[in-house]
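Peer 1: So the chains spell out like this:
2 protein chains.
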Amino acid sequence: MQIKALVFDVFGTVVDWRTSITRQVKVFADEHGVAGDWAAFADRWREGYTSGMAEINAGKGAWKNVDDIHRARLDILLGEFDLPNVPEPEIAQLNRAWHRLDPWPDSVSGLSRLKSKFVIATLSNGNVSLLVAMAKFAKLPWDCVLSSELAGRYKPDHAVYRYAASILDLPSEQVMMVAAHSFDLVAAREAGLRTAFVARPNEYGDPALADTPAAGTFDLHARNFNDLASQLSCL
Amino acid sequence: MQIKALVFDVFGTVVDWRTSITRQVKVFADEHGVAGDWAAFADRWREGYTSGMAEINAGKGAWKNVDDIHRARLDILLGEFDLPNVPEPEIAQLNRAWHRLDPWPDSVSGLSRLKSKFVIATLSNGNVSLLVAMAKFAKLPWDCVLSSELAGRYKPDHAVYRYAASILDLPSEQVMMVAAHSFDLVAAREAGLRTAFVARPNEYGDPALADTPAAGTFDLHARNFNDLASQLSCL
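Each protein sequence line maps, in turn, to chains A and B. Per this note's numbering, numbering of the first sequence is gapless, rising by one per residue and ending at 235. Per this note's numbering, numbering of the second sequence is gapless, rising by one per residue and ending at 235.
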């Protein structure tokens with residue numbers, strides 16, 4: 001393998017969206033005096049992200065970015081969880097909770113090691129502005145912010161992975177996709193990229209729900225980003 | 001002014017292309033035992049960049065990225081400067097001299113200060129892969145690498161400036177274009193962005209050739225990036 005660039009899935013792979021969203025929604029709900037199962041709220045919100053993107057890849061309607069997809073589901077969830085009549089500026093601020101996600105404990109140190117040897121870029125379905133805000137919040141040291149938004153399709157459409165290699169001016173086999181989700185890596189491999197699976201057993205709370213161990217065999221399998229950096233001979 | 005993001009011209013504004021190219025071409029020519037005026041070579045190379053982009057904006061032929069535009073002019077210059085019959089891998093390596101440009105002395109410290117308060121992004125005609133390589137070489141701490149390549153037009157086409165504001169999800173008046181070239185800022189202003197002129201009197205060697213003082217009045221005029229950071233109340 002002659003790898004020049006690593007491109008990363010972000011939600012779940014780099015950042016712990018579920019803990020971060022649950023916490024932020026609880027703060028919001030407490031301010032409004034409402035009790036509820038906020039981890040369930042986070043899970044329901046995440047489901048809207050998945051189904052919203054699938055509709056766009058299926059050709060149902062014009063492009064919507066992930067901020068817009070999150071907002072559409074949030075408007076539904078506020079009703080379901082007894083939070084109606086929230087003023088618009090507060091809803092907009094809550095929707096940006098996805099810009100303020102904490103990294104996994106090894107993310108920043110591991111990325112910094114990987115950056116010393118490789119180009120490191122996002123390759124997320126999140127929109128560019130979301131990813132830029134998140135990187136500032138979580139101090140993620142990306143060389144470059146790449147997104148499905150730039151390709152005009154959502155992962156796991158192969159066009160997204162090919163776009164990343166093309167815009168980095170690299171043959172696809174010199175680009176490695178890093179993700180905690182097998183479906184993402186299977187698609188990246190089909191598009192010609194190298195693949196690294198990183199275990200994130202707590203992404204959905206209960207480890208039984210996680211995509212760990214990987215459903216498939218990839219070029220590398222790592223316990224976390226520092227393990228990945230060591231396997232790739234980074235200092 | 002309520003500025004959220006600063007977008008930067010790169011060649012001449014952030015990096016000293018002329019000194020860096022002259023030095024690298026001289027090393028290359030010395031290895032081939034050829035004497036010449038390598039600053040003149042650098043200037044002639046730069047001219048090819050400008051004319052190559054103008055042809056594309058005028059609709060003459062398909063998109064060519066800046067690496068390709070540089071290469072087309074380099075192939076001509078090698079003949080003109082008595083460097084024929086250079087092996088292909090050496091030419092390709094020399095063409096990437098534009099990926100290895102030194103920053104002006106204030107660039108890294110000034111950008112780091114500006115980054116503490118604003119999103120900082122490139123907005124260069126250079127292609128994404130060139131800008132990513134240059135950022136690693138020169139340790140430029142961008143939050144995001146934006147390029148004319150993503151807009152499919154070259155500056156000073158207004159579409160490029162509007163694209164930058166759009167992909168950052170900001171109204172154009174919350175984005176400030178920073179450049180050492182009046183033509184770039186005039187176009188950015190016409191597209192609705194805020195503008196900051198930074199003096200780079202030595203860009204072309206002789207200060208009489210530089211675009212300093214600015215040919216126009218912009219929102220801010222700064223001596224260098226640290227002066228700009230101070231004017232924008234960055235620590």
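Think of the hints as simulated: they come from the structure by calculation, not from any bench. Where hints are given, some of them may not hold.
For chains that are exact copies, the list does not tell them apart, and a pair is met inside one copy or across any two.
[Said to hold, decoys possible] Derived pair list, reagent style DSSO-like, types lysine-lysine, alpha-carbon separation capped at 30 Å:
1) Lys60 with Lys136
2) Lys60 with Lys26
3) Lys115 with Lys60
4) Lys26 with Lys117
5) Lys4 with Lys26
6) Lys139 with Lys117
7) Lys64 with Lys117
8) Lys4 with Lys60
9) Lys115 with Lys139
10) Lys60 with Lys117
11) Lys139 with Lys26
12) Lys139 with Lys60
13) Lys26 with Lys64
14) Lys139 with Lys64
15) Lys115 with Lys4
The model shown is predicted, which means the values in this text are computed figures rather than measured ones.
Peer 1: Enumerate the violated hints, using their earlier numbering and listing them in ascending order.
Peer 2: 1, 2, 3, 8, 10, 12
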